[in-house]
Amino acid sequence: MAGIIEQERYTCAIGALQSVVAIPKAVPILHSGPGCGNMIMGFFERSTGYAGGNTSPCTNFSENEVIFGGVERLRQIIKNTYKVLDTELQVVLTGCTAGIVGDDVESLVDEFRDEGKPIVSVETPGFKCSNFEAHSLVVNAIIDQYVSLHEEGRPYRSSKNTVVLLSSVPYQDPFWKGNLAEYKRLLAGMGLDAAVLFGPGSGGVDEWKRIPEANFVVLVSPWYGEPIASHLEEKYGQPSIQFPHIPIGANETERFLRTVLEFAEKQGAKIDRIAAERFIRRERDAYYEEIDNLATFLLEFRYGLPNHAHIFHDAGYVISLSKFLLHETGIVPREQFVVDGTPEQYHAALRDELASASDKREIPLYFEPDAGKAQDICRNLTHSGRGLIIGSGWDKELAKEKDYDFLSASVPSPYRLVLTSHYAGFTGGLRVIEDIYNTALASYR
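Per the working numbering, the sequence shown starts with residue 42, numbered consecutively.
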């Protein structure tokens, strides 16, 4: 998108350094100007991890490097990083200046790799793409430049019940850690072992080395991450099953699990169908027991709770939360706003997916990466009853202006601390309900 946009909800390509930070004991090295790490830290806030944000090693590209090149400085930074940090993987990411100057970073990284160093290079100049797309660039680079060196003794697709799990973009999704842990737990209930590549539930680089053995890929995403799934199919012959949004609550989680279950059986996984069905039933029953316990509360407060909502989020959350609110809380999703810069070729499919939520109610869907414009649209809307806005910290003042409840659920936001909370799955649906109604109850005097 050309021009200036207001209230950007994502970053430039080098923001994918957070994907590296999300791998235990992996370190991003920025071949960029000194402001890039600070910019990413400012956007994601409490997300520096092992060596992210302004703690990432950086060449601090200056006029000298622009004139004479920055390869020698980068060589020194890489050497010093190995001396100072206990790291199992280094990923060099290039910024705009390095991309324009044309430093041969790949050849330099090859030198270290020839010495046996675990190191990867990725071209991530900010003008190339967003961090949603750069996430795939980083993952594919690690697969090609690191995982491929450790394929010996790991026959392709040899572990029939192992799957590669691809879902949230780390840190871009504030609930990524908890969501990954919940997906892994749910898939284990189906008899599947999910290789989780990011977060505390990952085995770090050893988890990445398992990739070739996996039978297939589970992709939970409306569009981001698709290049990874395509690359794994091309490289290792691993087919993929894609679920187009985060499964939240009973309806979509059950659909997600059954979709994966059927696909796994077709791929030759050894599934105990009876045990899997028992697991789904147990999870569903526990969910509805809590919903039943809400009956008295909902009856007592039915006139003081939100009856409609607007969501400002990435495509996956807009679709999933809209479906969940409509079918499992009775809160009507009104106009919804996808603010992640979703490429145009995905718009029609996402509109169809949202339309499938109801054959009686149309939910208007706006694709507007300029969240300032999206807010202006919402500002001029009028609906009866108490409203709710689910979005980032940018949207808090809009909610106050419209006298709506506000739930912080996306970045950037200084108003909420998320550690391991999750919105995915049966238990994630219950957490969404808690968050929404706690927000509403907090306004009572």
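Everything labelled a hint here was simulated from the structure, so no lab data went into it.
Note that the structure is predicted; figures quoted are calculated from it, not measured.
Heads up, some of the hints might be wrong.
[Unchecked claim] Heads up, simulated DSS-like pairs for lysine-lysine below, C-alpha to C-alpha not over 30 Å straight-line:
1. 201 to 169
2. 441 to 414
3. 169 to 158
4. 443 to 414
5. 276 to 169
6. 401 to 414
7. 225 to 120
8. 201 to 66
9. 401 to 443
10. 307 to 201
11. 201 to 120
So which of those numbered hints doesn't the model satisfy? 1, 7, 11
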